[in-house]
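> If you want the building blocks of each chain, they are given just below.
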Amino acid sequence: MPLEESKIILLLVEDEALIRMHGIDILESAGFIVFEACNADEAVIILDKHNEIRLIFSDVDMPGSMNGLELLELAHLRWPKIRLLLTSGHRRLKDDSLPGQGKFLPKPWSEEALVNKVRSLLVA
Amino acid sequence: MSDGPYCPPSSAGDVDAGIDFENLFETAPCGYVLADKDGRITRANQTFAQWTGYPAALLIGRRFSDLLPVVGKIFYETHFVPMLHIQGRFTEVALEIVSAGNQKIPVIVNASMTNEPDGVIPSIRFTLFVSAERRSYERGLLAARNEAQATILAERVDSELREQFIAVLGHDLRNPIASIGSGVHLLGKEALTDRGRKILELMGGSVVRAAGLIDNVLDFARGRLGGGITLMRDARESLEPVLRQVVAELRSIAAGQRVEAIYAIAEPVNCDRVRIGQLLSNLLGNALTHGAKDQPVRLEASTDADALIIAVTNGGAPIPTEAFEHLFQPFYRGGDKGASHGLGLGLHIAAEIARAHGGSLTVQSDEAQTCFTFTMPLRQSASD
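Going down the list, the sequences are from chains A and B.
Using the numbering used here, read the first sequence as starting at 1 and increasing by one per residue.
Using the numbering used here, read the second sequence as starting at 125 and increasing by one per residue.
FYI, nobody ran anything at the bench for these hints, they're computed from the structure.
For each residue, glycine too, the CB sits at the ideal point set by N, CA and C.
Some clues are possibly wrong.
[Unchecked claim] Chain B residues, not near chain A, derived (Cβ > 12 Å throughout):
1. Leu148
2. Gln170
3. Ala256
4. Arg259
5. Asp490
6. Gln493
7. Arg503
[What the hints assert, rightly or not] On the chain B side, residues computed to face chain A include the following (Cβ under 8 Å):
8. Arg298
9. Asn299
10. Ala302
11. Ser303
12. Ser306
13. Gly307
14. His309
15. Met356
16. Gln369
17. Val398
Work out the full structure, taking the sequences as your base and the hints as a guide.
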């Protein structure tokens with residue numbers, strides 16, 4: 001359903017520029033529209049402006065006032081409909097430790113794993 | 125002949141025998157002090173007089189305990205004398221004698237009670253050896269021991285710091301490595317010359333190797349720091365895609381070597397997929413490094429009724445028998461190649477991952493092939 005999905009907007013939060021570009025590349029290739037932020041504070045500003053965002057895909061360890069997990073907790077309180085996907089290279093979190101039925105995807109993600117995870121969250 | 129235990133022979137006889145007992149007593153290389161049963165000195169030899177600085181005549185009539193400092197005096201009255209009376213002797217006692225010049229002289233004292241049979245009042249004999257050197261030797265030993273303990277403690281702290289350092293370093297290296305990996309993926313989508321594509325492929329392989337190395341080092345440091353390998357078992361998602369991904373990554377490093385894979389896994393498998401992927405990556409890496417380059421590396425991943433089995437086989441020379449017991453030890457490297465092949469952590473970590481899953485990692489090696497087999501029971505033991 002590429003046409004349907006092309007309307008779906010995601011927010012990718014990642015401080016490493018190349019990894020952020022990689023993630024955007026994968027998700028855009030899969031037909032999503034991707035907004036980007038390089039830390040949680042930037043992400044909150046974008047979320048405030050764009051209530052059409054359906055899913056946040058965030059790294060855990062980033063500079064700024066919040067880490068990725070704290071960002072998801074805040075997002076879950078303020079925008080409870082937004083789906084949540086967290087990722088990290090050195091931390092491994094259990095899905096049930098995340099707010100709002102969020103999911104965790106360990107880094108490095110393969111194209112297939114990332115897209116599958118995002119799709120499964122959006123239909124849930 | 126006298127039948128008494130102590131009967132001084134006549135001096136004439138002594139001289140005849142070539143021994144002057146009087147002289148031996150006075151100038152013996154140890155101090156002699158005789159005292160009555162109450163400890164009053166009745167005689168002291170010249171050696172003792174010289175050591176202590178008291179003229180021998182002045183010592184007579186004084187209590188032996190008067191020559192001791194306060195602490196020694198207490199010990200003498202509460203231990204020394206009672207033991208002497210009970211046992212008849214008391215030996216190798218470290219005491220200090222206060223000299224005429226008020227110096228404390230460390231001595232080792234032996235003492236015995238004489239029990240003359242014919243009603244003679246019993247007396248006490250003291251033999252004393254100056255032990256200044258022995259004491260300083262003992263003190264030296266003690267100091268050396270303390271120093272050694274301090275060194276061990278410092279080294280323990282040191283090695284803990286080193287392992288923490290490794291952990292932090294590995295941690296911080298992961299980000300830039302992951303960045304490079306992302307960059308390689310992105311560039312792969314650009315229009316490139318054949319040469320550019322080849323270079324990118326090699327870079328991708330290097331990223332995989334570096335990331336795998338960091339994972340192993342981090343796990344090792346964590347193990348040393350007491351963390352051990354923690355599992356996040358999850359039966360909800362399938363294992364096979366993870367294994368396929370690892371095989372694809374290792375093929376990109378294999379540089380012309382073939383990697384054949386057969387999958388026959390009945391999902392779900394209750395395991396930590398990331399960890400099993402790491403285990404497979406380590407086994408394949410090991411097979412590619414040590415196996416014959418002109419023969420394929422084979423993977424068989426399957427389940428039967430009871431177990432998950434992952435077997436990695438390579439051709440080439442068999443593992444020498446003497447290497448078998450070291451294979452799974454950290455930092456062990458097959459020494460046959462001359463050049464260094466990484467840290468030698470791969471098989472060790474693989475074995476640890478197997479163990480954490482309640483499984484095992486075994487090896488069989490002969491002229492035909494070398495095969496590492498990971499076996500994990502599919503059900504937890506009945507008790508849990």
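> Each of the hints needs a verdict: does it hold here or not?
Structure-based check of all given hints:
no.	hint	result
1	Leu148	holds, 82 Å
2	Gln170	holds, 81 Å
3	Ala256	holds, 62 Å
4	Arg259	holds, 57 Å
5	Asp490	holds, 37 Å
6	Gln493	holds, 31 Å
7	Arg503	holds, 22 Å
8	Arg298	holds, 5 Å
9	Asn299	holds, 6 Å
10	Ala302	holds, 6 Å
11	Ser303	holds, 4 Å
12	Ser306	holds, 3 Å
13	Gly307	holds, 5 Å
14	His309	holds, 5 Å
15	Met356	holds, 6 Å
16	Gln369	holds, 5 Å
17	Val398	holds, 6 Å
Hint violations for this structure: none, all hints satisfied.
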